[in-house]
Amino acid sequence: MRPIIRVENLTHTYGVNTPFCRSAVKDVSMEIYEGEFLGIIGHTGSGKSTLIQHLNGLLQPTGGKIYLGDRDIWADPKKIRDVRFQVGLVFQYPEYQLFEETVYKDVSFGPKNMGLDGKEIDRRVRSALQFVGLGEDMLEKSPFDLSGGQKRRVAIAGVIAMEPKVLILDEPSAGLDPAGRRSLLENIREYHRKKGTTVVMVSHSMDEVAENVDRIVVLANAGIVMSGTPHEVFSHAQELMDVGLNVPQVTQVAMELKRRGVDIDPAVYTVADLRRALNDLRGGRA
Amino acid sequence: MLKDITLGQFFPGNTLAHRLDPRTKIILVVLYIAALFCAKYFVSYALVALVLVISVKVSGVHPKALVKGLRPIVFIICFTAILNLLYTPGEELVSFWIFTITKEGVLQAFFMVLRFTMLIMGTFLLTYTTSPISLTDGLESLLNPLKKIHVPVHELAMIMSIALRFIPTLIEETDKIMSAQKARGADFESGNLLQKAKALVPILVPLFISAFRRADELAVAMECRCYHGGGGRTKLHVLRYEARDYLVLAGFAAMLAAVLVLGHFGL
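Chains A and B, in that order, give the protein sequences.
Following our numbering from start to finish, the first sequence increments by one per residue and tops out at 286.
Following our numbering from start to finish, the second sequence increments by one per residue and tops out at 267.
Treat each hint with caution, since some may be false.
To be verified - 25 Å max Cα-Cα, derived PhoX-like pairs, lysine-lysine:
no., chain 1, residue 1, chain 2, residue 2
1, B, K176, A, K26
2, A, K78, B, K198
3, B, K103, A, K105
4, A, K194, A, K165
5, B, K198, A, K79
6, B, K103, B, K40
7, A, K195, A, K119
8, A, K112, A, K165
9, A, K112, B, K196
10, B, K176, A, K78
As the list claims (entries may be wrong) - Chain A residues, not near chain B, derived (Cβ > 12 Å throughout):
no., residue
11, T11
12, T13
13, K112
14, P178
15, N246
16, L274
Just so you know, these hints were derived from the structure itself, not from any lab.
Just so you know, even glycine gets a beta-carbon here, dropped at the ideal spot from N, CA and C.
Turn these sequences into a full structure, and let the hints steer you where they fit.
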């Protein structure tokens, strides 16, 4: 697969020359491949948010380079806005950035900034709202009259409407109830499947990441400690726990079974896999 | 970028300047400002400057931090200095075109700059060494007599401490909202004044909404803890003057007296 974003030896230090000087990201190198669904996990303060704000040029690295395609995004600082249109970033609790009178106007803020014509904006707004599961009846409502979950969806649609090549979501399901969480993640998966765009999801919920992504990057203490498929990553359960993270609940069950002498792969990470593994143990009977 | 705001910043420490009663410090600043405005000539200014230098030394605040506080008013200082330089009548030194620079003008401008700079430094020293909480505590206590004429002193102090408390929160919030809108291609730098003003709407609307939401939540939280204004409220840390407070107060009063006497002799 072709990398769409390449991070080379990225370092970001806050508060240079002050007593509060601290590196939030230290010498990180990674690649994001075209069309993949990547999960970035790490506990609070591991540098996740700082890392992703570099990917669309909101923060400028204090060391290292970031390539989008094969162009250094800071080669021409005047063109940094183009990078932001190509790498869409949805912040944590994005509902707090809504400001327009109607849902339609708010979602069209991004496309408008891109300088698109009215017809194209209209198409993008409608299609973006469809992806996040909001109906046409929402278009003329005030975003401030919506429920928390709907607001979140409007805000995500605001980024999707720019039709970025890479969509980055920082904890998209934080603070939602379980049903809202499930359906929002379903919408994001659907978006990834239908559009084929690269999606990066930042989370600290192992279960959420395990069920959705193709590949995982684990951050801890300002650096990458592990990366690979969920199976590869979750087979290093002990290392994950050492950096203050956990493994999915399903994996925990499998690990405990293994510890008690059951012959099972401890790195299963979805309910379906665990069920299959247990069935195999019973001799293939359902 | 917004993190550079120094307003109301407090550098924790444990020096004499930090330990003084906040009321004492407020009175000291008042005495200091009075002395500064009564000072007439070099000797008096030197005396006040000496007191400032000693205070800074005692407080352990880095002089750089004080200079940084001057930055926002550099323009005003320069402007007043130039006006004073050009428009003070007196003994002529140089004259060109319609302007005449006089000896009095030079002195006046010099003292003006000195006065402004020392004024700002002195008051900044107060906020640098006093936490916002104790500052409002001290102010409330000093203004207490006004309660007799039904000034809601406690409420005012509470409003002030809440406002100070929320400055960093709102700055952080503004930063976040700006980043989020920039991620959607908002452009705050280019365009004419009108376009720049318009570009602020996507920041201000969410900021106001969240400020109101926070205010509402705070009000509910205060009511949940049965807050109902100042009546009958006692304090955890009761302010009490110590020997050091009286000593320092006496010192500053002596400085003011000395400046007045020196002024009488035109020094």
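The hints, checked one at a time:
1. The suggested pairing of K176/B with K26/A holds, with an alpha-carbon distance near 22 Å, which does not exceed 25 Å.
2. Distance restraint check for K78/A and K198/B: the Cα-Cα separation of roughly 21 Å lies within the 25 Å cut-off, and the hinted pair is therefore satisfied.
3. Pair hint K103/B plus K105/A does not hold up; C-alpha atoms about 64 Å apart against a cutoff of 25 Å.
4. At most 25 Å may separate the alpha-carbon atoms for a hinted pair to count; K194/A and K165/A meet this at roughly 13 Å.
5. For a cut-off of 25 Å, the pair hint linking K198/B to K79/A stands: about 22 Å separates their Cα positions.
6. Pair hint K103/B plus K40/B holds up; C-alpha atoms about 15 Å apart against a cutoff of 25 Å.
7. For the proposed pair K195/A and K119/A, the alpha carbon gap of about 20 Å is at most 25 Å, so the pair holds.
8. Only pairs whose Cα atoms come within 25 Å are accepted, and K112/A paired with K165/A is accepted, the gap being roughly 17 Å.
9. A hinted pair counts as satisfied when its Cα atoms are at most 25 Å apart, and K112/A with K196/B qualifies at roughly 16 Å.
10. Of the pairs offered as hints, the one joining K176/B and K78/A holds, with about 22 Å between alpha carbons and a cut-off of 25 Å not exceeded.
11. Remark: the non-interface label on T11/A is consistent with the geometry, its nearest Cβ contact in chain B lying 20 Å away (cut-off 12 Å).
12. Look at T13/A: its CB is around 14 Å from the nearest CB on chain B, clear of 12 Å, so calling it non-interface holds up.
13. At the 12 Å boundary, the C-beta of K112/A falls inside the reach of chain B, the nearest C-beta of that chain being 8 Å off.
14. Residue placement check: P178/A keeps its beta carbon more than 12 Å from all beta carbons of chain B (closest about 25 Å).
15. No beta-carbon of chain B is positioned within 12 Å of the beta-carbon of N246/A; the least distance is around 28 Å.
16. Separation of L274/A from chain B is adequate, the least Cβ-Cβ distance of about 38 Å exceeding the 12 Å criterion.
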